[in-house]
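Undergrad: Residue numbers (our numbering), protein chains in the order written: chain A, 1 to 122; chain B, 1 to 514.
It should be emphasised that the hints constitute simulated quantities derived from the structure, not laboratory data.
Some hints here could point you the wrong way.
What the hints assert, rightly or not - Pairs of lysine-lysine, DSS-like flavour, derived with a Cα cap of 30 Å:
hint, chain 1, residue 1, chain 2, residue 2
1, A, K12, B, K74
2, B, K444, B, K419
3, B, K219, B, K328
4, A, K12, B, K32
5, A, K38, B, K84
6, B, K65, A, K76
7, B, K32, A, K38
8, A, K57, B, K84
9, B, K445, B, K455
To be verified - Beta-carbon label-pair distances, calculated as ranges:
hint, chain 1, residue 1, chain 2, residue 2, range
10, B, G175, A, M10, 29 to 37 Å
11, B, K65, A, Q9, 38 to 46 Å
12, A, V67, B, L205, 56 to 64 Å
13, B, N6, A, R11, 33 to 41 Å
14, A, V67, B, E165, 56 to 64 Å
15, A, R11, B, K65, 35 to 43 Å
16, A, T70, B, N6, 16 to 24 Å
As the list claims (entries may be wrong) - Derived, one-sided and incomplete: chain B residues facing chain A with beta-carbon distance under 7 Å:
hint, residue
17, D40
18, I44
19, D47
20, I48
21, Q79
22, G81
23, D85
24, F86
25, Q115
26, A277
Note that the structure is a prediction, hence the values are computed from the model and not measured.
Glycine included, every Cβ here is placed at the ideal spot set by N, Cα and C.
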Amino acid sequence: MIAENTQTQMRKGILEYCVLLIISKGEIYASDIISELKSARLLVVEGTLYPLLTRLKNNGLLSYNWVESTSGPPRKYYVLTEGGKEMLNQLDNTWSELSSAIETAKQVAEKTTNNSINLNKP
Amino acid sequence: MKKTLNINIGNTIIHIEEDAYETLTVYLNEVKYHFSKSADNFEIVTDIENRIAEMFSDILLTQQKQVIDIMDVKLVTEQMGSVKDFETEETDGDQHEYGSPAFGQVKKLYRDTDQAIVAGVCAGLAHYLDMEERWIRLIAILTVLLGGSGILAYIVLWIMIPKAETRSEKMAMRGEEANLRGFANSYLQPFVTKSRGFLAEAFDLLGKFLNGTGSIIVKIIAIFMITIGSFMLVALIVSVVALLGVWDTQVINKFPFSIVNEEYLSIMTLGAFLTFAIPLLAIILFTVRVAFSNRPVNTTFSLVLLILWLTGVGITVFHAAKISSEFKEEAEFTQSSEVKPYGEYTLTIDRTRFFTKEDSVQYHIDPNNYKGRKILSASYDDFDLPNSVSLSVEKSDNGKVSMSQNFSSKGFTFEEALKNAQNIHYSFLQQDSVLTFGPTLYLKKNAKWRDQEIKMVLRVPEGTKIRANREVRRYLNYNYWDCEDESNNEFIELVMTAEGLKCQHERVADESNR
Numbered sequence: 001m002i003a004e005n006t007q008t009q010m011r012k013g014i015l016e017y018c019v020l021l022i023i024s025k026g027e028i029y030a031s032d033i034i035s036e037l038k039s040a041r042l043l044v045v046e047g048t049l050y051p052l053l054t055r056l057k058n059n060g061l062l063s064y065n066w067v068e069s070t071s072g073p074p075r076k077y078y079v080l081t082e083g084g085k086e087m088l089n090q091l092d093n094t095w096s097e098l099s100s101a102i103e104t105a106k107q108v109a110e111k112t113t114n115n116s117i118n119l120n121k122p
Numbered sequence: 001m002k003k004t005l006n007i008n009i010g011n012t013i014i015h016i017e018e019d020a021y022e023t024l025t026v027y028l029n030e031v032k033y034h035f036s037k038s039a040d041n042f043e044i045v046t047d048i049e050n051r052i053a054e055m056f057s058d059i060l061l062t063q064q065k066q067v068i069d070i071m072d073v074k075l076v077t078e079q080m081g082s083v084k085d086f087e088t089e090e091t092d093g094d095q096h097e098y099g100s101p102a103f104g105q106v107k108k109l110y111r112d113t114d115q116a117i118v119a120g121v122c123a124g125l126a127h128y129l130d131m132e133e134r135w136i137r138l139i140a141i142l143t144v145l146l147g148g149s150g151i152l153a154y155i156v157l158w159i160m161i162p163k164a165e166t167r168s169e170k171m172a173m174r175g176e177e178a179n180l181r182g183f184a185n186s187y188l189q190p191f192v193t194k195s196r197g198f199l200a201e202a203f204d205l206l207g208k209f210l211n212g213t214g215s216i217i218v219k220i221i222a223i224f225m226i227t228i229g230s231f232m233l234v235a236l237i238v239s240v241v242a243l244l245g246v247w248d249t250q251v252i253n254k255f256p257f258s259i260v261n262e263e264y265l266s267i268m269t270l271g272a273f274l275t276f277a278i279p280l281l282a283i284i285l286f287t288v289r290v291a292f293s294n295r296p297v298n299t300t301f302s303l304v305l306l307i308l309w310l311t312g313v314g315i316t317v318f319h320a321a322k323i324s325s326e327f328k329e330e331a332e333f334t335q336s337s338e339v340k341p342y343g344e345y346t347l348t349i350d351r352t353r354f355f356t357k358e359d360s361v362q363y364h365i366d367p368n369n370y371k372g373r374k375i376l377s378a379s380y381d382d383f384d385l386p387n388s389v390s391l392s393v394e395k396s397d398n399g400k401v402s403m404s405q406n407f408s409s410k411g412f413t414f415e416e417a418l419k420n421a422q423n424i425h426y427s428f429l430q431q432d433s434v435l436t437f438g439p440t441l442y443l444k445k446n447a448k449w450r451d452q453e454i455k456m457v458l459r460v461p462e463g464t465k466i467r468a469n470r471e472v473r474r475y476l477n478y479n480y481w482d483c484e485d486e487s488n489n490e491f492i493e494l495v496m497t498a499e500g501l502k503c504q505h506e507r508v509a510d511e512s513n514r
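If we strip away everything but chain A, and leave its shape as in the complex, we get (with noise of 0.2 Å):
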């Protein structure tokens, strides 16, 4: 259950990161980022990346622009807003600093496991 709630945190901290990083490449709808998160492992269905695009656009992050579509309705294409850069911004600093924490953690980690397989031999 803790494993599982510590995954669904960084899972959902990831996810909104990962959209917004999809949306920076420019204009996109909805289900092209589905497909891309999908790709990427990120999302197991789509009926949670509505909430969250919905969220991301009320804090000002997301903008959209409707757009006629050939078979259909029209869409929602998704651009990212200043705020939304800088928001972008803010998280690749964040994100560098944690993987290069997580990858200090790994490697003292490594090291010990090494010595104390060294202790034990005669």
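Use these hints to put chain B onto chain A, whose structure you have.
TA: Quick look at chain B alone, frame taken from chain A:
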């Protein structure tokens, strides 16, 4: 062949099969409910609906289909994710954003008809008060036992508290957080949407009661009734057989039977037996039929029973009418005898009576030696014969003391009535100044009761004192209540005056007034 529906989803018209439509509706309702707490409810749901519409359009286009079936809906909803999937993605951290935290935690009082025994009042109260249902029910039963106030309270609550009908009402009743899982859980429960009035509900309940638990109670009552009915029937048969067996002896001389003529006795017993036994049997059979819904007898048998019953009633009525005709004429004769004159008479009732020959047979006492023996009947049976003895004291005109006994009876003809009157046995005894009367009249053996009566008149000259004991007073045609003195004596004292019988102390008072 399947029925299809046209739906408008995300501004797109989609043909969809009926079962697929139902599944989709359930899914969309779940989704709507899930996001109902969110401020962006409408936008999110619209996005999802639009996306579903798009996926449907894709499916129709790529598979060259015209109609969405249930498999397509399942595919789409799987891709979109169930509400459970949404939930794991949006754990606690986000929850404060969705509506007020108090939502769904406020309990409301509803009747819980899902867990109802009667109308769900107790179950609803249990939810509201956060107690176990059984304690509420125990309290309810106790209040019913304590003067039945609980029944009234229950009915009032039944009428006043609304029934939890919708899912949100049911959840509000349980105080469940109106969260997704609760909603989904409650969605799986069967859902009764029909709202009906109190009376309809009550009748419906009664019907269910009679079909279910009630039928057990009805059956228990039925078994009880059948047992009692059978017992009464057996008792009736046994008593009739016993009665027929002892016909010759004392029974027919006892009062209610002594009305019936001997030649009618058997047929009237049969008639009376049929009159009472057949309705008993009918009640038993009817109970069996109602409670266990099988017909123990066929129509022919029922018809035979009816005819037998009517015959029994007919016999009884016919003979009763015949017997009552024997009360048509009345006859009487008077027998006067002189009584030795004394200045004062004491009137008493003698409860003892001399042994008769019949008595000695009845009690197995040596029949040759019965004379002089007495039966001490401490209390005589009022039921034996209707009270038919009366005594009055009058002023004698010729200065002599006399006793006249008037015997009367009824009969079909005057002669028969006179004969019946002669069947009266009555004991009156003078021992010096003590006059002893029998407590009741007796009929000679095998004589029928035809309203026989004996009226006695004791004529005494003026100035004669009469002392009447307590028991005599019951027979005396005199308003002796006025004579009761405070001393509560065994005897009251009366004096014959020129104006008739008077109390001793009354006369004394009269004289002193003069």
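Undergrad: Against this structure, judge whether each hint is valid.
TA: How the hints compare with the structure:
{"no.": "1", "hint": "A:K12 - B:K74", "verdict": "holds, 26 Å"}
{"no.": "2", "hint": "B:K444 - B:K419", "verdict": "holds, 11 Å"}
{"no.": "3", "hint": "B:K219 - B:K328", "verdict": "violated, 52 Å"}
{"no.": "4", "hint": "A:K12 - B:K32", "verdict": "holds, 22 Å"}
{"no.": "5", "hint": "A:K38 - B:K84", "verdict": "holds, 19 Å"}
{"no.": "6", "hint": "B:K65 - A:K76", "verdict": "holds, 27 Å"}
{"no.": "7", "hint": "B:K32 - A:K38", "verdict": "holds, 24 Å"}
{"no.": "8", "hint": "A:K57 - B:K84", "verdict": "holds, 24 Å"}
{"no.": "9", "hint": "B:K445 - B:K455", "verdict": "holds, 22 Å"}
{"no.": "10", "hint": "B:G175 - A:M10: 29 to 37 Å", "verdict": "holds, 34 Å"}
{"no.": "11", "hint": "B:K65 - A:Q9: 38 to 46 Å", "verdict": "holds, 42 Å"}
{"no.": "12", "hint": "A:V67 - B:L205: 56 to 64 Å", "verdict": "holds, 59 Å"}
{"no.": "13", "hint": "B:N6 - A:R11: 33 to 41 Å", "verdict": "holds, 40 Å"}
{"no.": "14", "hint": "A:V67 - B:E165: 56 to 64 Å", "verdict": "violated, 44 Å"}
{"no.": "15", "hint": "A:R11 - B:K65: 35 to 43 Å", "verdict": "holds, 36 Å"}
{"no.": "16", "hint": "A:T70 - B:N6: 16 to 24 Å", "verdict": "holds, 23 Å"}
{"no.": "17", "hint": "D40", "verdict": "holds, 4 Å"}
{"no.": "18", "hint": "I44", "verdict": "holds, 5 Å"}
{"no.": "19", "hint": "D47", "verdict": "holds, 4 Å"}
{"no.": "20", "hint": "I48", "verdict": "holds, 5 Å"}
{"no.": "21", "hint": "Q79", "verdict": "holds, 6 Å"}
{"no.": "22", "hint": "G81", "verdict": "holds, 2 Å"}
{"no.": "23", "hint": "D85", "verdict": "holds, 5 Å"}
{"no.": "24", "hint": "F86", "verdict": "holds, 5 Å"}
{"no.": "25", "hint": "Q115", "verdict": "violated, 31 Å"}
{"no.": "26", "hint": "A277", "verdict": "violated, 78 Å"}
In summary, the structure is inconsistent with hints 3, 14, 25, 26 from the numbered list given earlier, while agreeing with the others.
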